[in-house]
Amino acid sequence: MKTLAQDSAQKVDKGRVINDFSIQVATVNGSGSQSSNSVLMRSIFQMGIPVSGKNLFPSNIAGLPTWFTIRINKDGWVARAEQVDILVAINPQTAHDDVKSLTAGAVCISPIDLKLDAVRSDITHYQVPFSELAAEATDQVKLRKLLTNMIYVGVIAELLGIDQNEIETSIRRQFEGKGKAIDLNLVAASKGQQWAKANLKKDDCFYVERMNKTSGKIIIDGNEAAALGCLFAGATVVCWYPITPSSSLCETLIEYLKKYRIDKKTGKATFAVVQAEDELAAIGMALGAGWAGARSFTSTSGPGISLMAEFTGYGYFTEIPTVIFDVQRVGPSTGLPTRTSQADLLSTYCLSHGDTKHIILLPGTVEECYSLAVQAFDLAERFQTPVFVLSDLDLGMNHWMADRLPYPDKPIDRGKVLTAQDLERLGKFERYHDVDGDGICYRTTPGTNHPLAAYFTRGSGHNEKAQYSERPEDYENLMKRLDRKYQTARKYVPKPELDIDRQARVGIIAYGSSHCAILESRSQLRNAKLPVSYLRIKALPFTEELRQFVERLDRIYVVEQNRDAQLRDLIRLELPEHAMKLQSICHFSGLPISARFVTDAILGEEG
Amino acid sequence: MVATQSNQPLSSEPHTNRIGLTQADYKGAVSTLCDGCGHDAVTSQIIKAFYELGIEPHRVTKLSGIGCSSKTPAYFLGRAHGFNSVHGRMPSVATGVSMANQQLLQVGISGDGDTASIGLGQFCHIVRRNVPMIYIVENNGVYGLTKGQFSATADLGSKLKTGVVNDLPPIDLCGLAIELNCSFVARSFAGDPKQLVSLLKASASHKGTSVLDVISPCVTFNNHEGSTKSYKYAKDHEIPLHELSYVPFYEQITVDYEPGTVQDVEMHDGSHIMLKKLGLDYDPSNRINALMTLQKAHAEGQFLTGLLYIDESKPDFTTLMNLVDEPLAHLPEGVVRPPKAVLDEIMNSLM
Ligand SMILES: Cc1ncc(C[n+]2csc(CCOP(=O)(O)OP(=O)(O)O)c2C)c(N)n1
Ligand code: SF4
Ligand SMILES: [Mg+2]
Numbered sequence: 001m002k003t004l005a006q007d008s009a010q011k012v013d014k015g016r017v018i019n020d021f022s023i024q025v026a027t028v029n030g031s032g033s034q035s036s037n038s039v040l041m042r043s044i045f046q047m048g049i050p051v052s053g054k055n056l057f058p059s060n061i062a063g064l065p066t067w068f069t070i071r072i073n074k075d076g077w078v079a080r081a082e083q084v085d086i087l088v089a090i091n092p093q094t095a096h097d098d099v100k101s102l103t104a105g106a107v108c109i110s111p112i113d114l115k116l117d118a119v120r121s122d123i124t125h126y127q128v129p130f131s132e133l134a135a136e137a138t139d140q141v142k143l144r145k146l147l148t149n150m151i152y153v154g155v156i157a158e159l160l161g162i163d164q165n166e167i168e169t170s171i172r173r174q175f176e177g178k179g180k181a182i183d184l185n186l187v188a189a190s191k192g193q194q195w196a197k198a199n200l201k202k203d204d205c206f207y208v209e210r211m212n213k214t215s216g217k218i219i220i221d222g223n224e225a226a227a228l229g230c231l232f233a234g235a236t237v238v239c240w241y242p243i244t245p246s247s248s249l250c251e252t253l254i255e256y257l258k259k260y261r262i263d264k265k266t267g268k269a270t271f272a273v274v275q276a277e278d279e280l281a282a283i284g285m286a287l288g289a290g291w292a293g294a295r296s297f298t299s300t301s302g303p304g305i306s307l308m309a310e311f312t313g314y315g316y317f318t319e320i321p322t323v324i325f326d327v328q329r330v331g332p333s334t335g336l337p338t339r340t341s342q343a344d345l346l347s348t349y350c351l352s353h354g355d356t357k358h359i360i361l362l363p364g365t366v367e368e369c370y371s372l373a374v375q376a377f378d379l380a381e382r383f384q385t386p387v388f389v390l391s392d393l394d395l396g397m398n399h400w401m402a403d404r405l406p407y408p409d410k411p412i413d414r415g416k417v418l419t420a421q422d423l424e425r426l427g428k429f430e431r432y433h434d435v436d437g438d439g440i441c442y443r444t445t446p447g448t449n450h451p452l453a454a455y456f457t458r459g460s461g462h463n464e465k466a467q468y469s470e471r472p473e474d475y476e477n478l479m480k481r482l483d484r485k486y487q488t489a490r491k492y493v494p495k496p497e498l499d500i501d502r503q504a505r506v507g508i509i510a511y512g513s514s515h516c517a518i519l520e521s522r523s524q525l526r527n528a529k530l531p532v533s534y535l536r537i538k539a540l541p542f543t544e545e546l547r548q549f550v551e552r553l554d555r556i557y558v559v560e561q562n563r564d565a566q567l568r569d570l571i572r573l574e575l576p577e578h579a580m581k582l583q584s585i586c587h588f589s590g591l592p593i594s595a596r597f598v599t600d601a602i603l604g605e606e607g
Numbered sequence: 001m002v003a004t005q006s007n008q009p010l011s012s013e014p015h016t017n018r019i020g021l022t023q024a025d026y027k028g029a030v031s032t033l034c035d036g037c038g039h040d041a042v043t044s045q046i047i048k049a050f051y052e053l054g055i056e057p058h059r060v061t062k063l064s065g066i067g068c069s070s071k072t073p074a075y076f077l078g079r080a081h082g083f084n085s086v087h088g089r090m091p092s093v094a095t096g097v098s099m100a101n102q103q104l105l106q107v108g109i110s111g112d113g114d115t116a117s118i119g120l121g122q123f124c125h126i127v128r129r130n131v132p133m134i135y136i137v138e139n140n141g142v143y144g145l146t147k148g149q150f151s152a153t154a155d156l157g158s159k160l161k162t163g164v165v166n167d168l169p170p171i172d173l174c175g176l177a178i179e180l181n182c183s184f185v186a187r188s189f190a191g192d193p194k195q196l197v198s199l200l201k202a203s204a205s206h207k208g209t210s211v212l213d214v215i216s217p218c219v220t221f222n223n224h225e226g227s228t229k230s231y232k233y234a235k236d237h238e239i240p241l242h243e244l245s246y247v248p249f250y251e252q253i254t255v256d257y258e259p260g261t262v263q264d265v266e267m268h269d270g271s272h273i274m275l276k277k278l279g280l281d282y283d284p285s286n287r288i289n290a291l292m293t294l295q296k297a298h299a300e301g302q303f304l305t306g307l308l309y310i311d312e313s314k315p316d317f318t319t320l321m322n323l324v325d326e327p328l329a330h331l332p333e334g335v336v337r338p339p340k341a342v343l344d345e346i347m348n349s350l351m
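Chains as they are written, first to last, in my numbering: chain A, 1 to 607; chain B, 1 to 351.
It is possible that some hints are incorrect.
[To be verified] So the derived label-pair ranges between C-beta atoms look like this:
1. B/351 - A/199: 29 to 39 Å
2. A/350 - B/168: 33 to 43 Å
3. B/156 - A/259: 48 to 58 Å
4. A/262 - B/279: 45 to 55 Å
5. A/258 - B/103: 22 to 32 Å
[Unchecked claim] Quick list of in silico lysine-lysine cross-link-like pairs, DSS-like style, CA-CA up to 25 Å:
6. B/276 - A/465
7. A/268 - B/27
8. A/428 - B/235
9. A/217 - A/465
[As the list claims (entries may be wrong)] Not everything, but these chain B residues come out facing chain A in the computed CB check (under 8 Å):
10. 58
11. 104
12. 125
In case anyone wonders, no lab produced these hints; they're calculated from the structure. Glycine included, every Cβ here is placed at the ideal spot set by N, Cα and C.
Sequences and hints are given; from them, build the entire structure.
Quick look at the structure:
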């Protein structure tokens, strides 16, 4: 995501706030507000205005409160905004609290019967007879609740000046193929808009105005982007067990596979998907498939990761490629299953008993959920080891504006695999012999028709010939070689993204979904006359760029979304001589980190 | 599943099989199990069966969990890839392998601890999916490798060497497999090589999960008086359901039987398994009867062996997956990475 340079301080234009505010819709889970919120967000996007959407939902199917926040920002800042400017208070359960939490001057759109004007008088109220309007829109009682959602879209459109054509386009797109739903929703949106036009007097300062900052962009969530990564990486074996927030990765992929990976001539599949009985089985299947030569992966979240520990260690020790997506949520235990977190970094880094260190990729944008997914498969096969991709609920499930995803620019790398012809030529094969000195050995896959091809994979101690061994030297040599392989990986994993400010004495290190908040925070800090340099880590093991970055600065804030400063501590282990330079800023409420949080924390220190 | 076909009769070439390999080519490393361990007897029969069938070793994968039994894949078919996985999780690995390469013939070796305790869930699910593989449980009623604790297949009232009596009912893996619609279920005994080798051969012809629960005595921890998994107990109590003979697809059926005394089951690959009636009139295609027979045997303390249940019509896992003929593991980039036009189309839909 590019930095859109200017700061948003200049938001008021002749008393008007244009393209720089946030809308929060408070509804009840399962009430069908998702589609209306998408329509609203898309309509603004289609007007060329940068938007982002965050769904704050409960671990529940229907009945509990949920909040959807759309941030509209002309400068392209897409992190969570802490302040709500326009509230749509549909949910009676939370309406009072929602209204109380607004700042003075905010706007509240609510059903007239909730009488929210009695709760606060220092905000602008627009009270709408939603039930009456819904009754006018349809005589089917069951549909009225659903249509209320599209009515508020119409009201907001009128108040903010959202182009009616864009609303219509978005509705048609949202309900594509469902003619009746399109008609009903068009009626509802227009009811809302007409009613607002006739009955509301604009008494706030928020407006949208057409821009051209979204042309060529897409809207996508990180799980779908990762699914596309798997599709274009040529993944063939998919093993998963449902868990929020990762399920949609495989579910979306399945739809794409059915569409694009069925052999046209035979109607047969070039992929296999299995919904396993649990995550132990999912990782076992992924490793079995990887061992047998397929591009396999599994996708899960924290609780699943915990279950995969033993097998992941097996994969590391016996050197089997597979990819594990961890779409992180809040732990420990069930934790807050529908909230975001970056607290699995340490546990995945050395997942399993014994000395283990895994390769971990850390996408910071939805574009990277895609590109690092593609790369993960290459790395897994190149290094013959399980590779983790750690995203999180915020990246994975929320809607992000993004550049069009690029077609992979490199051919697939299947790593060091010997065929029967290779074996014939070489006349020798030892599975765990480090022929090239990079720690990566050659493997064969089952079914290879050559007397030398077979070897025995075991999680117990083994020598270079893959024979059982308890000899101390064999074990030490094996562990040292695995470390050598890990060191080699430093040269292959994605390098950090670096943005140096020449004047800066202070730096920020962050990773993952904190990225968008850091970009915005740096702009706020610049306005506060504090230039900061920025390094965004994209992978473990660390690369040389980290040391260089830390060396050149006086103080470094490591920003992350967990309690224990997990990345900061890993960097301290990597660069003990610089340990005291590294301070930590941790955000772990389960809500996505905001720019304001980072800025305040840094200004609090740097003062 | 058998790789090549030849018309050469077995008997004409005493030292090599129909693909020109010797029995030694089907051996593995030297066993490190205790002398007399039932598991070694099972290993010998696997070597014999695969040799006699003339299966190409490179087409085979050997998988296992953890335990003395799970060590045995190292002791046969040294020319086949082996995967000694983690405790109780061999079925998931086998499932993954089957998706990656459906042309492999998979042999899984597990123990009663590995399958009936820690691995019971995965066992149930591989059976439910009908993943094509031979799943052998070398059942000794104890955890051999951790020195003789009871396993979940130990019979009620059976005694450990230390005098500890088992007061929990056993899990009957065959009964459970049949309950789960397993398509091939057999029970045998390491001390009955003739029956075992026929069952092994038949299971190699089956396309689906073949469960072979083989009583395989642990001479070190469970072969004493008071054990129901000892050689002596099994010998004294074994009641074969039928006399089995296997006729591979590449051989003619030559034996003549009196009408009505033999049931001939044709297998997926054209091989036959002939079941000659003994005392019982047992039909292994009747699921309900199979379950009832097992229950009755339990109640009466009988040790029934033979082919308990077979259903050659149940579709196997990889067939259900509707996979392309070429193994997924070997599909080239041009097949697995859709062209740029596809990505463009998807991107347009997201704009
Ligand atoms: C996760 C885990 N827990 C415990 C063990 C210890 N362990 C090794 S073998 C075994 C039992 C094996 O019993 P069984 O499958 O019956 O095999 P046998 O040795 O009797 O052939 C146990 C509990 C282990 N290896 N892994
Ligand atoms: S302990 Fe028992 S099961 Fe293990 S090798 Fe010895 S006899 Fe066999
Ligand atoms: Mg046992």
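How the hints compare with the structure:
Against the hinted window of 29 to 39 Å, the Cβ-Cβ separation of residue 351 of chain B and residue 199 of chain A comes to about 35 Å, which satisfies the hint. Separated by about 38 Å at the C-beta atoms, residue 350 of chain A and residue 168 of chain B satisfy the suggested range of 33 to 43 Å. At roughly 55 Å, the beta-carbon separation of residue 156 of chain B and residue 259 of chain A lies within the given 48 to 58 Å, and the hint holds. Separation of residue 262 of chain A from residue 279 of chain B is about 53 Å and conforms to the stated range, judged on CB atoms against 45 to 55 Å.
In this structure, residue 258 of chain A and residue 103 of chain B meet the distance hint of 22 to 32 Å, their C-beta atoms being roughly 24 Å apart. Note on residue 276 of chain B and residue 465 of chain A: the hinted pairing is violated, with a Cα-Cα distance of about 47 Å set against a maximum of 25 Å. For the suggested pair residue 268 of chain A and residue 27 of chain B, the alpha carbons sit about 38 Å apart, so the restraint of at most 25 Å is broken. With a CA separation close to 47 Å, the supplied pair residue 428 of chain A and residue 235 of chain B exceeds the 25 Å bound.
In summary, the hint linking residue 217 of chain A to residue 465 of chain A is not supported, as the alpha carbons are separated by about 52 Å, beyond the 25 Å threshold. Annotation: residue 58 of chain B was flagged as interfacial toward chain A, and the flag holds, the nearest CB pair being 5 Å apart, inside 8 Å. For residue 104 of chain B, the interface hint holds, the least distance from its beta-carbon to any beta-carbon of chain A being 6 Å, beneath 8 Å. For residue 125 of chain B, the interface hint holds, since its Cβ comes within 8 Å of a Cβ in chain A; the closest pair sits about 4 Å apart.
In summary, the numbered hints that this structure violates are 6, 7, 8, 9.
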